[in-house]
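With the hints as your guide, set chain D onto chain A.
Residue-level listing of the chains:
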Amino acid sequence: MKKLLNTLYVMTSGSYLSRQGETVVVRQDDEIKLQLPIHTLSAIMCFGQVSASAPLLGFCAARKVTVSFFSMSGRFMARMVGPVSGNVLLRKAQYRRADDQAFTADIARSFILAKIANCRTVLLRASRERIGDTVLAGAADDLKTHLLNLSEPIALDRIRGKEGDAARTYFSVFDRLITSQKEAFVFHERSRRPPLDNINALLSFVYTLLAHDVASALEGVGLDPAVGFLHRDRPGRPGLALDIMEELRPFTADRLVLSLINLRQIKAEGFEKTASGAVQMNDATRKIVLTEYQKKKQEEIRHPFLNEKVVVGLLPHIQAMLLARYLRGDLDGYPAFIFR
Amino acid sequence: MLVLITYDVSTETTEGRRRLRQVAKTCLNYGQRVQNSVFECLVDPAQLASLRQQLLKEIDTSEDSLRFYFLGKNWKPRIEHVGISEPYDPEGPLIA
Numbered sequence: 001m002k003k004l005l006n007t008l009y010v011m012t013s014g015s016y017l018s019r020q021g022e023t024v025v026v027r028q029d030d031e032i033k034l035q036l037p038i039h040t041l042s043a044i045m046c047f048g049q050v051s052a053s054a055p056l057l058g059f060c061a062a063r064k065v066t067v068s069f070f071s072m073s074g075r076f077m078a079r080m081v082g083p084v085s086g087n088v089l090l091r092k093a094q095y096r097r098a099d100d101q102a103f104t105a106d107i108a109r110s111f112i113l114a115k116i117a118n119c120r121t122v123l124l125r126a127s128r129e130r131i132g133d134t135v136l137a138g139a140a141d142d143l144k145t146h147l148l149n150l151s152e153p154i155a156l157d158r159i160r161g162k163e164g165d166a167a168r169t170y171f172s173v174f175d176r177l178i179t180s181q182k183e184a185f186v187f188h189e190r191s192r193r194p195p196l197d198n199i200n201a202l203l204s205f206v207y208t209l210l211a212h213d214v215a216s217a218l219e220g221v222g223l224d225p226a227v228g229f230l231h232r233d234r235p236g237r238p239g240l241a242l243d244i245m246e247e248l249r250p251f252t253a254d255r256l257v258l259s260l261i262n263l264r265q266i267k268a269e270g271f272e273k274t275a276s277g278a279v280q281m282n283d284a285t286r287k288i289v290l291t292e293y294q295k296k297k298q299e300e301i302r303h304p305f306l307n308e309k310v311v312v313g314l315l316p317h318i319q320a321m322l323l324a325r326y327l328r329g330d331l332d333g334y335p336a337f338i339f340r
Numbered sequence: 001m002l003v004l005i006t007y008d009v010s011t012e013t014t015e016g017r018r019r020l021r022q023v024a025k026t027c028l029n030y031g032q033r034v035q036n037s038v039f040e041c042l043v044d045p046a047q048l049a050s051l052r053q054q055l056l057k058e059i060d061t062s063e064d065s066l067r068f069y070f071l072g073k074n075w076k077p078r079i080e081h082v083g084i085s086e087p088y089d090p091e092g093p094l095i096a
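Residue numbers (the working numbering), protein chains in the order written: chain A, 1 to 340; chain D, 1 to 96.
Derived by calculation from the structure, the hints in this document are not laboratory data. Fair warning: this is a prediction, and the values are worked out from it, not measured in the lab. Warning: the hint list may mix true and false statements.
[Said to hold, decoys possible] Calculated lysine-lysine pairs in the BS3-like style (CA-CA distance at most 25 Å, straight line):
hint: 1; chain 1: D; residue 1: K73; chain 2: A; residue 2: K3
hint: 2; chain 1: A; residue 1: K64; chain 2: A; residue 2: K296
hint: 3; chain 1: A; residue 1: K64; chain 2: A; residue 2: K33
hint: 4; chain 1: A; residue 1: K182; chain 2: A; residue 2: K267
hint: 5; chain 1: D; residue 1: K76; chain 2: A; residue 2: K287
hint: 6; chain 1: A; residue 1: K92; chain 2: A; residue 2: K64
hint: 7; chain 1: A; residue 1: K2; chain 2: A; residue 2: K295
hint: 8; chain 1: D; residue 1: K73; chain 2: A; residue 2: K2
hint: 9; chain 1: A; residue 1: K64; chain 2: A; residue 2: K295
hint: 10; chain 1: A; residue 1: K295; chain 2: A; residue 2: K3
hint: 11; chain 1: A; residue 1: K2; chain 2: A; residue 2: K309
hint: 12; chain 1: D; residue 1: K25; chain 2: D; residue 2: K57
hint: 13; chain 1: D; residue 1: K73; chain 2: A; residue 2: K309
hint: 14; chain 1: A; residue 1: K33; chain 2: A; residue 2: K287
hint: 15; chain 1: A; residue 1: K33; chain 2: D; residue 2: K76
hint: 16; chain 1: A; residue 1: K296; chain 2: A; residue 2: K182
hint: 17; chain 1: A; residue 1: K296; chain 2: D; residue 2: K76
hint: 18; chain 1: A; residue 1: K295; chain 2: A; residue 2: K33
hint: 19; chain 1: D; residue 1: K76; chain 2: A; residue 2: K2
hint: 20; chain 1: A; residue 1: K295; chain 2: A; residue 2: K309
hint: 21; chain 1: D; residue 1: K73; chain 2: A; residue 2: K296
hint: 22; chain 1: A; residue 1: K64; chain 2: D; residue 2: K25
hint: 23; chain 1: A; residue 1: K309; chain 2: D; residue 2: K76
hint: 24; chain 1: A; residue 1: K144; chain 2: A; residue 2: K162
hint: 25; chain 1: D; residue 1: K76; chain 2: A; residue 2: K295
hint: 26; chain 1: A; residue 1: K296; chain 2: A; residue 2: K309
hint: 27; chain 1: A; residue 1: K295; chain 2: A; residue 2: K267
hint: 28; chain 1: A; residue 1: K33; chain 2: D; residue 2: K25
hint: 29; chain 1: A; residue 1: K296; chain 2: A; residue 2: K3
hint: 30; chain 1: A; residue 1: K309; chain 2: A; residue 2: K3
hint: 31; chain 1: D; residue 1: K76; chain 2: A; residue 2: K3
hint: 32; chain 1: A; residue 1: K64; chain 2: A; residue 2: K2
hint: 33; chain 1: D; residue 1: K73; chain 2: A; residue 2: K295
hint: 34; chain 1: A; residue 1: K296; chain 2: A; residue 2: K267
hint: 35; chain 1: A; residue 1: K2; chain 2: A; residue 2: K296
hint: 36; chain 1: A; residue 1: K273; chain 2: A; residue 2: K182
hint: 37; chain 1: A; residue 1: K287; chain 2: A; residue 2: K267
hint: 38; chain 1: A; residue 1: K3; chain 2: A; residue 2: K64
hint: 39; chain 1: A; residue 1: K273; chain 2: A; residue 2: K287
So here's chain A without its partners, still in its complex pose (with noise of 0.2 Å):
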């Protein structure tokens, strides 16, 4: 099994990277503020006003780590990665299968199913907590009803279809999951481009976090992040990467951005809103939210389908890797990741 390598963020303003030997090197007014090893890491990812050497990119992309850029606010701006690797025949049957509306239909249905099991996971362990909140209890059972709908292979815009209404159950009680500061952190409805409330600033951070992760990890696997099934091409947009993430989405995003508040590791005073009414993060909150979403990423877990423990991190590179078997033809189906 592969090793979950580190992540390193650069949220500073100002700092340079630059390569020495064989490590990356942050500067920050001319001070050396961190010199890495270049062996313990996977990426990284730049916040703001982040520069790096051409040496260092050139390194960076021999030793496939890849780097990122964003903007403060979170927003991807441009990824640096290495020459295409990974098998070609891999790639080609890919791109076959996404032409195959059958095929597509099949495989989109395994996302969209695993997401909505794992969305009503999250709604039932809340549920178990608050015995008689019969308003969890019954989004939960609308979600099993929508997992029905879908048991049989339907065509790729219903599944669509399916996939919206059973989004809009789950963020219409998503309110009810938040336990603690609910002054500050109230939930209407899902808003991104701009986040138009606290909830949202952060479910549309972490989302970018996450879908970071699971392109690197397809293109780990040799997989192209950018033809995917559920959700079609478009110039520049990881399509693979957004199916991968739906079924892990509930149980690694969402749950992150709810432990935060209700376990009061974020404030209110963390979060500004700008004169176009988009909510921003400030320094501090964000980098509250990337130490989490690093430790949740140590976390072990057991993975229902290879029944190997595992740690959260590896996740989107197992998924990645189970679809390519299933491209390849050596799975008869795609296992997504449903937990319990």
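Positioned in the frame of chain A, the structure of chain D alone reads:
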């Protein structure tokens, strides 16, 4: 696994001072400097073999010495730090 590497390199001659710089540089490629001649390196067995090989080539065994302490995978409870320049945790969140 975490390996602690310490060394004494004789700096009497220019050649010795050169060796000292080389040894430090090599250790830095694999880990972090926690004190003047002390490095903590998070490596797998293959990486350790090549690190060891490089270090052995650099030192002069008639004048210098090297020590490797193998702290294994479960190294965190085995290390306590007091005082200045707290090192970073190579397995923890890396945020600069």
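Each hint, compared with the structure:
| no. | hint | verdict |
| --- | --- | --- |
| 1 | D:K73 to A:K3 | holds (13 Å) |
| 2 | A:K64 to A:K296 | holds (23 Å) |
| 3 | A:K64 to A:K33 | holds (23 Å) |
| 4 | A:K182 to A:K267 | holds (11 Å) |
| 5 | D:K76 to A:K287 | holds (23 Å) |
| 6 | A:K92 to A:K64 | holds (22 Å) |
| 7 | A:K2 to A:K295 | holds (18 Å) |
| 8 | D:K73 to A:K2 | holds (16 Å) |
| 9 | A:K64 to A:K295 | holds (23 Å) |
| 10 | A:K295 to A:K3 | holds (15 Å) |
| 11 | A:K2 to A:K309 | holds (12 Å) |
| 12 | D:K25 to D:K57 | holds (13 Å) |
| 13 | D:K73 to A:K309 | holds (16 Å) |
| 14 | A:K33 to A:K287 | holds (16 Å) |
| 15 | A:K33 to D:K76 | holds (22 Å) |
| 16 | A:K296 to A:K182 | holds (24 Å) |
| 17 | A:K296 to D:K76 | holds (18 Å) |
| 18 | A:K295 to A:K33 | holds (22 Å) |
| 19 | D:K76 to A:K2 | holds (22 Å) |
| 20 | A:K295 to A:K309 | holds (17 Å) |
| 21 | D:K73 to A:K296 | holds (19 Å) |
| 22 | A:K64 to D:K25 | holds (23 Å) |
| 23 | A:K309 to D:K76 | holds (21 Å) |
| 24 | A:K144 to A:K162 | holds (12 Å) |
| 25 | D:K76 to A:K295 | holds (15 Å) |
| 26 | A:K296 to A:K309 | holds (15 Å) |
| 27 | A:K295 to A:K267 | holds (19 Å) |
| 28 | A:K33 to D:K25 | holds (17 Å) |
| 29 | A:K296 to A:K3 | holds (16 Å) |
| 30 | A:K309 to A:K3 | holds (12 Å) |
| 31 | D:K76 to A:K3 | holds (18 Å) |
| 32 | A:K64 to A:K2 | holds (14 Å) |
| 33 | D:K73 to A:K295 | holds (18 Å) |
| 34 | A:K296 to A:K267 | holds (19 Å) |
| 35 | A:K2 to A:K296 | holds (18 Å) |
| 36 | A:K273 to A:K182 | holds (18 Å) |
| 37 | A:K287 to A:K267 | holds (13 Å) |
| 38 | A:K3 to A:K64 | holds (14 Å) |
| 39 | A:K273 to A:K287 | holds (18 Å) |
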